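Trainee: What follows is the residue order along each chain.
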Amino acid sequence: MPFIPNAESDRMAMLEAIGKKSIEALFADVPARKRFPKLKLPPALSEQEVLREIGAMAAKNRGADKVSWFLGAGIYNHFIPALVPALASRGEFLTAYTPYQPEVSQGTLQAIFEYQSMAARLFGVSVVNASHYDGATALAEAALMAWKLDEGRNKILLPEDLHPEYKAVLKTYFSSFKVEIVEYSGAPENAALDSGCACLIAGYPCFSGELYGLKAAAQRAHEAGALFIVHADPLMCAILESPGAQGADIVVAEGQSLGNAMNFGGPGLGMMGATEKLMRRMPGRIVGEAKDHDGRRGFVLTLTAREQHIRREKAVSNICSNQGLVMLQSCIYMAALGAGGMKQVASLCYDKAHYAASLINSLKGFKVKNRSFFKEFLVSTPIPAQVIVDRLAKRKIMPGLALSRYDSKKEKELLICVTEMNSKTEIDRLVAALKEAVL
Amino acid sequence: MNLSPEPLVFELSRPGLVGCSLPVSDVPAAQLPKDLVRSSIDLPELDELTVVRHFTRLSQKNYSIDTHFYPLGSCTMKYNPKANEAAAAESGWKNIHPLAGHSEAQGAIELIYRLQENLAEIGGFSSVSLQPAAGAHGELAGVLMIRDCLKARGQGQRTKMLIPDSAHGTNPASCTMAGFTTQTIPSGKDGNIDLKALEAALDDSVAGIMITNPNTLGLFERNITKIAAMVHEAGGLVYGDGANMNALTGVFQPGKSGIDVMHFNLHKTFSTPHGGGGPGAGMVAAVKELAPFLPGPIARKRSGKYELAMPEKSIGRLKAFYGNFGVLVRAYCYVRMQGAEGLRRIAENSVLNANYLRARLEKTYKLKYTRPCMHEFVAMGDVAPGIRTLDIAKRLIDYGFHPPTIYFPLIVPEALMIEPTETESKKTLDDFVEAMLSIAAEAKTTPELLHNAPTTTPVGRLDEVAAARSPVLCFRG
Ligand SMILES: Cc1ncc(COP(=O)(O)O)c(C=O)c1O
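Read top to bottom, the protein sequences are chains A and B.
Every position in the first sequence, counted from 1, becomes a number in this note's numbering once 548 is added.
Every position in the second sequence, counted from 1, becomes a number in this note's numbering once 11 is added.
In isolation and in its complexed conformation, chain A is listed as follows:
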């Protein structure tokens, strides 16, 4: 086994230093009857064999490397510049732990600080933390944070038009508490706010792609004394007004789209930012600037009095390991694209999605339901959407998500996503295929 560097002679010398005759003797504390069970596992494979086996399994998938891809719904097919994985996979980043010892972790710490800074500007907030597990857990933890500010306010207002899996996660996270989760439909400013509400949650855009301005909702939430939480598309924030500028108190997002592969939905990047006022209530690791005794600038994990290793049962969250490397990829992505590149990618998504939507809307029997959207839109279809998905699979097109996957009543609704990855030719092919699929 190449991962164990000691020779038998080394082991003998070590046992002698310990004063034991055998390695087994070191396990004397383990109940004898339970010690060294025979595990029923397949025999070990060599590196060559294991890579062949895993390669063969991977090849069974039919993903965006083989099929024209128009499916989003929370995980998106975007271009990843070559430098992103090349830099993030350097062993010094990849094989470091959480930066508990700042003097030998300045690389990781400065990168987190840069990520926090760029993400804060994108969202229009003062503080961003070093990541959550994904967009759904970031949203759930944001809602927990809002509720814990005043547990007397035990209602959470949630858009009906939110990703069903995010709703499910939120429900799990609140399942031990007497908190009422109430869904509203339509624009967030029309939600039934009252003094019992801990927070109003809005999508920017919603699951269906529908896009609402946030100013009125922020104002109404604040009048009711509730926090305003926005789940945003981070790329969209490059061209449309940030949630923070419109009055959001907490902004959360799934950051996978910023330089990370789809990977069957994980690892993702839970992004969370907030106003300065909420800084000491936020969960998650946060990096701050510090000085050494010579006045040199450095970075440290800070405000740790919020966290589990200090506060234990009184901590604001149990999170410990986060999504560090995914955050780093997104940090490098934002730095490489910069202001101009981020705008360019967002504009490409916007223009291509609108081009696709206008063509699809003119097809007989199809209708785009959105008033306003970014890169994803909902289409009502003349026949069950899943039938269309199955038919187009044969032509190597994945046209989107049939909403019947989550709700059998939504049989004729197809959620279509268009990104910079989809060329005009590909979009035209999708439109032609949709037309033929329902003939």
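Because the hints were derived from the structure by calculation, they are not lab data.
Heads up, none of these hints are tricks.
Computed list of chain B residues with no C-beta within reach of chain A, every gap over 12 Å:
| no. | residue |
| --- | --- |
| 1 | G165 |
| 2 | P303 |
| 3 | E323 |
In silico DSSO-like pairs for lysine-lysine, Cα to Cα no more than 27 Å straight-line:
| no. | chain 1 | residue 1 | chain 2 | residue 2 |
| --- | --- | --- | --- | --- |
| 4 | B | K200 | B | K171 |
| 5 | A | K719 | A | K862 |
| 6 | A | K983 | A | K915 |
| 7 | A | K719 | B | K299 |
| 8 | A | K568 | B | K438 |
| 9 | A | K582 | B | K267 |
| 10 | B | K200 | B | K374 |
| 11 | A | K960 | A | K917 |
| 12 | A | K862 | B | K171 |
| 13 | A | K944 | A | K958 |
| 14 | B | K299 | A | K588 |
| 15 | A | K944 | A | K912 |
| 16 | A | K569 | B | K377 |
| 17 | B | K377 | A | K568 |
| 18 | A | K586 | B | K299 |
| 19 | B | K316 | A | K614 |
| 20 | B | K437 | A | K569 |
| 21 | B | K379 | B | K200 |
| 22 | A | K608 | B | K312 |
| 23 | A | K917 | A | K958 |
In this text the structure is predicted, and so the values were computed from the model without any measurement.
All C-beta atoms, glycine included, are put in the ideal place defined by N, C-alpha and C.
Since chain A is already given, all that's left is putting chain B with the ligand on it; use the hints.
Mentor: For chain B with the ligand alone, coordinates are given in the frame of chain A:
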């Protein structure tokens, strides 16, 4: 190490530059919603080489397993095989979408299924869910499962979780998130759970106990089967924190020894890289009675096809989709390269390495508990008057070693928690011992070397108190 100060990306910015060429649009421009147009985003603007040099230089300011011995206790900083990375880089994994139909994702679901099966066998459990994204997430899953299982037994009034005083902070924090109150159980003189104290705590409000085994002192919980029996007898359930499973693969199956539900940190025992903070994977495993409550969906095989389904009485979803899949690929690759024998050798060699370090250091660095340890041990850093563990840790950096975990567990004063892992050679361990002994000598003769350490790093000790008092959390240029 790269010692030169590295500017922030913002300070390197030049107006109009971009670090990646992007396609020009091949469709007509669409009108943006007028009331929402953003005027500027104020992100840095850099060319590609500047970005590459910047992050390369930053990487050179880290210690990592690939570059340094990293004996960070409880974190299992073992070598992360490069084959894991090659396996995860397959385009068939990177390009598969979580909402692609099951028929499009057979390979991905098969991998999840196989890893579930392997991990269930390693732990001696009936079922596994790979959804939790980290250890703490697995803990949350586990205590929620205990909550629901007790409710199903008609025992919903049981809301108190027992937690040994040596437990990691995530244990009590996870309990709070699941609506439990916690009661701390002290350790006895031998570093194991004090059975009398446990006995006294076992009333009918007890939901269960969270046990880390080996515990964070690196000691095997010798009374594990007895403790489990006592808690079961009292109507509670037993949670296993598997962060320290590296000592026990192929040695002990917790699921066959009274543990009802348990998480493993795949980013520790199963060699997936820690990435400077994550992503991890915190699979949760359960015995038969608790299996229906697992978070989901989980993979199963039906007439030759793989599919994902929610367990019958699932606590629900803990994150969107199915777990940190990219991490799962790496863990699967590792398990397949080990087999049963390899797994046992991991545990044996990690325990051998830890005991060797313990034996060589114990005369100089006092131990509170002296019996043979498992994969790690806890020593104390107060080797001379005026010297603290922090000083030892910082001086180790000057010798080219990442410090051990310090000031944890909380029950050992001036704790130095040392975990070498099985992937370090005797030679490396000997070099580390030499450094530790030499530092202990310096502590008596030239303590200022310790107080001023480290001096070989891009920055010296940073003023963390000032940083927290008036926090600067973003570049304000
Ligand atoms: C004993 C123990 N339990 C739980 C955890 C939490 O695991 P994670 O960081 O993966 O959430 C850790 C990790 O540091 C640990 O050492």
